[in-house]
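> Sequence:
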Amino acid sequence: MRSKILQLSDKASSFLSSGNKAEAGSIYKIIKQLERNLYHAFSTTLLHTCETLLKIYLELQDWWTALTYCRLTIPVYERVYPPFHPMIGLQFYTCGKLEWDWFGGRRPLTLCPPAACLLLYCSLVFMFI
1 MRSKILQLSD KASSFLSSGN KAEAGSIYKI IKQLERNLYH AFSTTLLHTC
51 ETLLKIYLEL QDWWTALTYC RLTIPVYERV YPPFHPMIGL QFYTCGKLEW
101 DWFGGRRPLT LCPPAACLLL YCSLVFMFI
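Heads up, the sequence shown is in the UniProt record's numbering, so the first residue is 1 and it goes up one at a time.
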């Protein structure tokens with residue numbers, strides 16, 4: 001199984017380097033499914049794959065899929081890092097920003113309440129700078 005993941009990873013990275021992000025994203029989705037069978041849910045290997053998928057879909061401007069992968073990374077970050085680590089805040093910020101952009105600012109941030117607090121705090125801080 002690991003050899004198949006390595007083969008697919010090489011194939012996906014070649015698609016990424018050639019600029020074919022959509023094809024690379026579909027291969028990374030397959031890699032994620034294989035890794036879910038091989039590793040536990042809080043694996044840093046699986047986290048890296050989800051982060052790669054997040055970056056790919058951000059570049060493709062597929063906001064909903066990017067939001068889905070961003071949400072998958074948050075529980076792992078919460079388990080790996082201390083409670084107030086900046087990486088957790090960055091993930092909440094990214095998730096909140098994607099949710100805000102997806103709904104066009106018309107809907108409150110209900111899917112990710114910590115992101116709403118973070119976005120509100122950031123906007124208040126920048127108002128006083």
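Don't read these hints as lab results, they were simulated from the structure. It cannot be assumed that every hint is accurate.
To be verified - Using 20 Å as the maximum straight-line C-alpha spacing, the simulated DMTMM-like pairs for lysine to aspartate or glutamate come out as follows:
id : residue 1 : residue 2
1  : LYS97     : ASP62
2  : LYS29     : GLU59
3  : LYS21     : ASP10
4  : LYS97     : GLU23
5  : LYS32     : ASP10
6  : LYS29     : ASP10
7  : LYS11     : GLU23
8  : LYS55     : ASP101
9  : LYS97     : GLU59
10 : LYS32     : GLU51
11 : LYS11     : GLU59
12 : LYS4      : GLU23
13 : LYS29     : ASP62
14 : LYS32     : ASP62
15 : LYS11     : GLU51
16 : LYS21     : GLU51
17 : LYS21     : GLU78
18 : LYS55     : ASP10
19 : LYS32     : GLU59
20 : LYS29     : GLU51
21 : LYS21     : GLU59
22 : LYS55     : GLU23
23 : LYS97     : GLU78
Unchecked claim - Label-pair distances were calculated between CB atoms; the ranges are:
id : residue 1 : residue 2 : range
24 : LYS29     : PHE103    : 22 to 28 Å
25 : LEU34     : LEU90     : 23 to 29 Å
26 : LEU60     : ASP10     : 28 to 34 Å
27 : ASP62     : SER3      : 18 to 24 Å
28 : ARG2      : PHE84     : 31 to 37 Å
29 : LYS11     : PHE84     : 35 to 41 Å
30 : TYR39     : THR68     : 24 to 30 Å
31 : LEU34     : THR68     : 30 to 36 Å
32 : HIS40     : GLN61     : 16 to 22 Å
33 : SER3      : THR68     : 15 to 21 Å
Just so it is clear, CB atoms sit at the ideal spot from N, CA and C, and this is done for glycine as well.
> Now look at each hint and say whether the structure bears it out.
Here's how the hints hold up against the structure:
Taken as a hint, the LYS97 and ASP62 pair is honoured in the structure, with Cα atoms around 13 Å apart against an allowance of 20 Å. Of the pairs offered as hints, the one joining LYS29 and GLU59 holds, with about 16 Å between alpha carbons and a cut-off of 20 Å not exceeded. A distance of roughly 14 Å separates the Cα atoms of LYS21 and ASP10; the hinted pair therefore holds under the 20 Å criterion. Straight-line distance between C-alpha atoms of LYS97 and GLU23 comes to about 26 Å, which puts the hinted pair past the 20 Å bound.
Restraint check for LYS32 and ASP10: the C-alpha separation of about 14 Å stays at or below 20 Å, so the hint holds. A hinted pair counts as satisfied when its Cα atoms are at most 20 Å apart, and LYS29 with ASP10 qualifies at roughly 14 Å. Under the criterion of a C-alpha separation no larger than 20 Å, the hint pairing LYS11 with GLU23 is consistent with the structure, at around 10 Å. As the CA atoms of LYS55 and ASP101 are separated by approximately 16 Å, the hinted pair is consistent with the 20 Å bound.
Taken as a hint, the LYS97 and GLU59 pair is honoured in the structure, with Cα atoms around 15 Å apart against an allowance of 20 Å. Between LYS32 and GLU51 the alpha-carbon distance is near 11 Å, which keeps this suggested pair within the 20 Å criterion. A threshold of 20 Å between alpha carbons decides the hint, and for LYS11 with GLU59 the separation of about 19 Å falls inside it, so the pair holds. Restraint check for LYS4 and GLU23: the C-alpha separation of about 17 Å stays at or below 20 Å, so the hint holds.
Pair hint LYS29 plus ASP62 holds up; C-alpha atoms about 14 Å apart against a cutoff of 20 Å. A C-alpha spacing of about 18 Å is found between LYS32 and ASP62, which places the hinted pair at or below 20 Å, so the restraint holds. The suggested pairing of LYS11 with GLU51 holds, with an alpha-carbon distance near 18 Å, which does not exceed 20 Å. For the hint linking LYS21 to GLU51, the alpha-carbon distance of about 14 Å falls within 20 Å, and the restraint holds.
At roughly 29 Å between alpha-carbon atoms, LYS21 and GLU78 are farther apart than 20 Å, so this suggested pair is violated. Distance hint between LYS55 and ASP10 is fulfilled; the C-alpha atoms sit about 17 Å from each other, no more than 20 Å. Between LYS32 and GLU59 the alpha-carbon distance is near 19 Å, which keeps this suggested pair within the 20 Å criterion. Only pairs whose Cα atoms come within 20 Å are accepted, and LYS29 paired with GLU51 is accepted, the gap being roughly 12 Å.
A distance of roughly 8 Å separates the Cα atoms of LYS21 and GLU59; the hinted pair therefore holds under the 20 Å criterion. For the proposed pair LYS55 and GLU23, the alpha carbon gap of about 14 Å is at most 20 Å, so the pair holds. For the suggested pair LYS97 and GLU78, the alpha carbons sit about 19 Å apart, so the restraint of at most 20 Å is met. Against the hinted window of 22 to 28 Å, the Cβ-Cβ separation of LYS29 and PHE103 comes to about 24 Å, which satisfies the hint.
Checked against the given bound of 23 to 29 Å, the beta carbons of LEU34 and LEU90, roughly 27 Å apart, stay inside it. As the Cβ distance of LEU60 to ASP10 is approximately 21 Å, the hint placing it in 28 to 34 Å is violated. Range check, ASP62 to SER3: about 30 Å between beta-carbon atoms, so the 18 to 24 Å window is missed. Taken as a hint, the range 31 to 37 Å holds for the pair ARG2 and PHE84, whose Cβ atoms sit roughly 35 Å apart.
One distance hint, 35 to 41 Å for the beta-carbon pair LYS11 and PHE84, holds here, with the actual separation near 39 Å. Range check, TYR39 to THR68: about 19 Å between beta-carbon atoms, so the 24 to 30 Å window is missed. One distance hint, 30 to 36 Å for the beta-carbon pair LEU34 and THR68, is violated here, with the actual separation near 18 Å. Checked against the given bound of 16 to 22 Å, the beta carbons of HIS40 and GLN61, roughly 32 Å apart, lie outside it.
Between SER3 and THR68, the C-beta spacing of about 28 Å breaks the proposed range 15 to 21 Å.
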